[in-house]
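Taken in order, these protein sequences are the chains called R and G. Throughout the first sequence, residue numbering follows numbering that gives the first Met the number 0, covering 0 to 90 in sequence. Throughout the second sequence, residue numbering follows numbering that gives the first Met the number 0, covering 0 to 164 in sequence.
There could be a bad hint or two in this list.
Unchecked claim - Pairs of lysine to aspartate or glutamate residues, derived as EDC-like cross-links and limited to a Cα-Cα distance of at most 16 Å, are as follows: (1) R:K85 - G:E49; (2) G:K85 - G:D108; (3) G:K44 - G:E4; (4) G:K85 - R:E79; (5) R:K65 - R:E79; (6) G:K44 - G:D19; (7) G:K45 - G:E62; (8) G:K2 - G:D146; (9) G:K85 - G:D29; (10) R:K86 - G:E49; (11) G:K156 - G:D146; (12) R:K65 - G:E161; (13) G:K64 - G:D19; (14) G:K85 - G:D30; (15) G:K85 - R:E68.
FYI, nobody ran anything at the bench for these hints, they're computed from the structure.
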Amino acid sequence: MKTEETVKVTIKLKKSDHDKLMEKVKESNTNISDYIRPIILDDIYNRTDKMNVMEQICKVFTLCTKIIEDEEIPKKHKIELQREAKKLCLK
Amino acid sequence: MSKIEVEIPKGQYENYDAVDKVISYILRLDDMNLVGGYGVLITNKKNIIEQFYAVKQFYGKMEGKQIRHIIFSVESTLYFNPQQVKILGYWLAQYFGNERQVIFAVHTDTKHLHIHMGINTIAYTNGAYQAYWQIEELKAYAEKCVDAMADMVWFGKSINAESLC
């Protein structure tokens, strides 16, 4: 059963999704440095040979969860962040 | 009771539905404000279970113990509130969270606030399987975390959580 191959294809984030995310960040007038930049910079397109896709996604999830837990971040940004991160969700 | 009790419930946890059952139990009080985790996006019960399975499927490792279930019970006379115990949960979870998915919830339905924690036996970093941890080392770490939480709650000290590990 080629489970590994199927999962790898399913979880790949397309470049177009990445661009859409950047566009949404711009439209929402969010301060990229504060909220989204650490995630974008750390996303699966910047993975090194040392990190595989699964590790990259789980680390992004950890970061998203930490940011969402931060009380100082406005609720609407948390909702947006969770919505975008959920696109990486593993099925 | 000591400051914090650490219990690993008996059970094989090898059944195909072990992940579903443990995570369902962890999230049974249905209060997502008291839920936290590492390596997972906190969405809903069904999706979190899927996230755990996705790691196992990615590495093709579906055998053995599927999930490790640990319970941390906090002494009630410390008078930590549920949100503080949730922070404690994150400190405890980081013992595993740099390598493995962790999902935990604070349960408030008994005299002592307690944390139910589920740890994926398959590491998201490299697929390594681990189902046992030295209980004495874990207890020592848990006590260190509780001492730090008491310093923060009762004496207003700032704590660098990463230095605990």
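Against the structure, the hints:
1. A hinted pair counts as satisfied when its Cα atoms are at most 16 Å apart, and R:K85 with G:E49 qualifies at roughly 12 Å.
2. Of the pairs offered as hints, the one joining G:K85 and G:D108 holds, with about 15 Å between alpha carbons and a cut-off of 16 Å not exceeded.
3. Between G:K44 and G:E4 the CA atoms are separated by roughly 26 Å; this puts the pair beyond 16 Å, and the hint is violated.
4. Of the pairs offered as hints, the one joining G:K85 and R:E79 is violated, with about 23 Å between alpha carbons and a cut-off of 16 Å exceeded.
5. This hinted pair checks out: R:K65 and R:E79 have alpha carbons roughly 14 Å apart, not beyond 16 Å.
6. Taking the CA atoms of G:K44 and G:D19, the gap is near 9 Å; set against the 16 Å cutoff, the hint holds.
7. This hinted pair does not check out: G:K45 and G:E62 have alpha carbons roughly 21 Å apart, beyond 16 Å.
8. For the hint linking G:K2 to G:D146, the alpha-carbon distance of about 9 Å falls within 16 Å, and the restraint holds.
9. For the suggested pair G:K85 and G:D29, the alpha carbons sit about 15 Å apart, so the restraint of at most 16 Å is met.
10. Simply put, R:K86 and G:E49 have alpha-carbon atoms about 14 Å apart, close enough for the 16 Å limit, and the pair holds.
11. Using a Cα cut-off of 16 Å, the hinted pair G:K156 and G:D146 holds, with the two alpha carbons roughly 11 Å apart.
12. Taking the CA atoms of R:K65 and G:E161, the gap is near 13 Å; set against the 16 Å cutoff, the hint holds.
13. Restraint check: the Cα-Cα separation between G:K64 and G:D19 comes to about 13 Å, which is no more than 16 Å; the hinted pair holds.
14. Taking the CA atoms of G:K85 and G:D30, the gap is about 12 Å. The hint holds against a cut of 16 Å.
15. For a cut-off of 16 Å, the pair hint linking G:K85 to R:E68 stands: about 11 Å separates their Cα positions.
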